[in-house]
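A.B. asks: Sequence:
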Amino acid sequence: MTTDGTICKRVISLNHPEGKSSDIRSKDDNIHKDNTVSIPVYLKELSSYMNADQQTDKFAYEKMDVAFAIAPQMIRSKANTPELRFYSTSILQDVISMSNSADNDNFNTWKLSTMIALNVGDFDNCSNASVKAFLNGDISMSSRLMILTSLSLSCRELSGKYNDNFVEGKDGIEKFTPQKLPESLHQQFMQYENSDSPFFETPDKLLALNSDMKALRVDGQVVRVSSTLKKKLSKSETKNCVAGDKKNTVFINKKLPQLFYSLAGVWKVIDGFTGRGFNLGTFSAILNSEYFHNLRLIYECAIPSSIELPEMTKDLLLLVSNELKQIAFNKKINQNELLHLFDCVQEVLDIDNSVVPLTGLFMNILYDIYGTLGQLIENDLVVDEQCQGKCANIIKKLRNLIF
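Residue numbers (the working numbering): 142 to 544.
Source of the hints: derived by calculation from the structure; they are not laboratory data. Heads up, some of the hints might be wrong.
Cross-link-like lysine to aspartate or glutamate pairs, in silico, EDC-like; alpha carbons within 16 Å at most [to be verified]:
| id | residue 1 | residue 2 |
| --- | --- | --- |
| 1 | K396 | E449 |
| 2 | K466 | D412 |
| 3 | K531 | E488 |
| 4 | K466 | D509 |
| 5 | K466 | D521 |
| 6 | K537 | D491 |
| 7 | K455 | D521 |
| 8 | K273 | E315 |
| 9 | K531 | D491 |
| 10 | K537 | D484 |
| 11 | K531 | D484 |
| 12 | K395 | E449 |
| 13 | K395 | D265 |
| 14 | K538 | D484 |
| 15 | K472 | D521 |
| 16 | K396 | D235 |
| 17 | K395 | E452 |
| 18 | K538 | E488 |
| 19 | K199 | D235 |
| 20 | K311 | E298 |
| 21 | K395 | E441 |
| 22 | K311 | D279 |
| 23 | K273 | E224 |
| 24 | K466 | E452 |
| 25 | K455 | E488 |
| 26 | K185 | D244 |
| 27 | K473 | E441 |
| 28 | K396 | D265 |
Because the structure is a prediction, the values reported are computed rather than measured.
Using the sequences and the hints given, assemble the complete structure.
C.D. replies: Quick look at the structure:
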């Protein structure tokens with residue numbers, strides 16, 4: 142609902158200062174475009190725009206144009222509100238399962254940005270829903286990998302330690318904040334929601350967890366990360382960790398560990414059945430390597446101040462140690478997966494001993510990793526030059542710690 146009759150063209154020009162809307166417009170020039178679709182005020186309207194049926198709704202393309210133009214910013218403008226908590230998981234499911242039917246050039250960027258906006262705005266519900274979708278959803282491999290990426294980048298943002306400027310949808314939120322109706326009319330509109338609306342429920346009901354997911358410790362939330370994104374992320378790890386930045390201690394101490402333990406628990410369960418992580422044929426190595434890559438990024442957000450850092454460190458080391466042993470035993474290895482496992486170990490070894498006394502707490506695990514790395518070198522399983530360099534550096538650090 143809107144009060145100013147704003148049209149689709151204005152939305153597109155706001156999101157694209159150069160006035161080029163080709164990236165978010167259908168290529169079918171034969172379809173008449175009547176630019177009279179208004180900007181949504183409520184997330185319920187945004188959801189209906191995203192689900193517009195091209196066969197029955199003559200304005201479906203215009204509505205998708207609007208959704209593509211404002212979704213991340215609109216969602217961010219409603220962060221931590223009852224309205225977002227009500228609609229966040231349903232919108233997330235729509236975004237995860239959405240395909241690029243209109244062949245938009247920036248579809249994947251929009252999809253990831255919208256997922257991050259949802260996770261940041263309602264982390265409790267969306268992180269939990271993301272993990273469920275990753276495990277149970279009938280979705281593509283690229284969507285599963287995108288879920289992992291959205292979770293790790295959301296954690297980086299919420300921790301307050303990083304400012305990943307390459308994540309779209311964070312700037313210009315004030316321009317995309319929908320104009321509200323007068324308060325009296327706004328309240329009348331909200332009364333039309335059904336009587337079971339969580340707007341009138343208690344926070345406990347809003348944040349209730351599914352019992353079967355509790356067994357996996359999932360009380361928190363998958364396109365593959367491109368090499369370009371990884372380079373940007375790597376650079377931002379040092380540039381964007383600015384001294385004096387305000388850290389979100391509540392998130393780092395409570396919500397972040399919950400998600401980390403959830404993902405670690407998922408790996409333990411899956412690995413217990415397969416013996417080699419996710420077993421998806423030719424896609425196994427991709428998913429396994431990206432899983433550890435994003436798990437490390439989430440773990441990194443806890444350094445150095447999370448009260449759960451020692452326990453998180455133990456879990457990460459155990460997962461990596463077990464995976465390295467399986468690689469050494471089976472002698473089947475993907476160099477990219479090995480690289481991410483080495484990065485996990487390196488991340489732990491870089492922690493100051495005054496923060497986490499590694500040798501005092503994890504001597505046996507570190508010794509196991511040291512011995513396994515020796516086996517990998519002896520059996521010529523580390524062939525990639527970058528992997529060899531990381532492996533040599535880790536062995537050197539472990540030797541200094543242990544002996």
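A.B. asks: For each hint, tell me whether it holds in the structure or not.
C.D. replies: Consistency of the hints with the structure:
no.	hint	verdict
1	K396 x E449	11 Å, holds
2	K466 x D412	13 Å, holds
3	K531 x E488	11 Å, holds
4	K466 x D509	9 Å, holds
5	K466 x D521	15 Å, holds
6	K537 x D491	13 Å, holds
7	K455 x D521	28 Å, violated
8	K273 x E315	32 Å, violated
9	K531 x D491	13 Å, holds
10	K537 x D484	15 Å, holds
11	K531 x D484	8 Å, holds
12	K395 x E449	8 Å, holds
13	K395 x D265	11 Å, holds
14	K538 x D484	13 Å, holds
15	K472 x D521	10 Å, holds
16	K396 x D235	24 Å, violated
17	K395 x E452	13 Å, holds
18	K538 x E488	12 Å, holds
19	K199 x D235	21 Å, violated
20	K311 x E298	10 Å, holds
21	K395 x E441	15 Å, holds
22	K311 x D279	30 Å, violated
23	K273 x E224	22 Å, violated
24	K466 x E452	21 Å, violated
25	K455 x E488	13 Å, holds
26	K185 x D244	25 Å, violated
27	K473 x E441	28 Å, violated
28	K396 x D265	8 Å, holds
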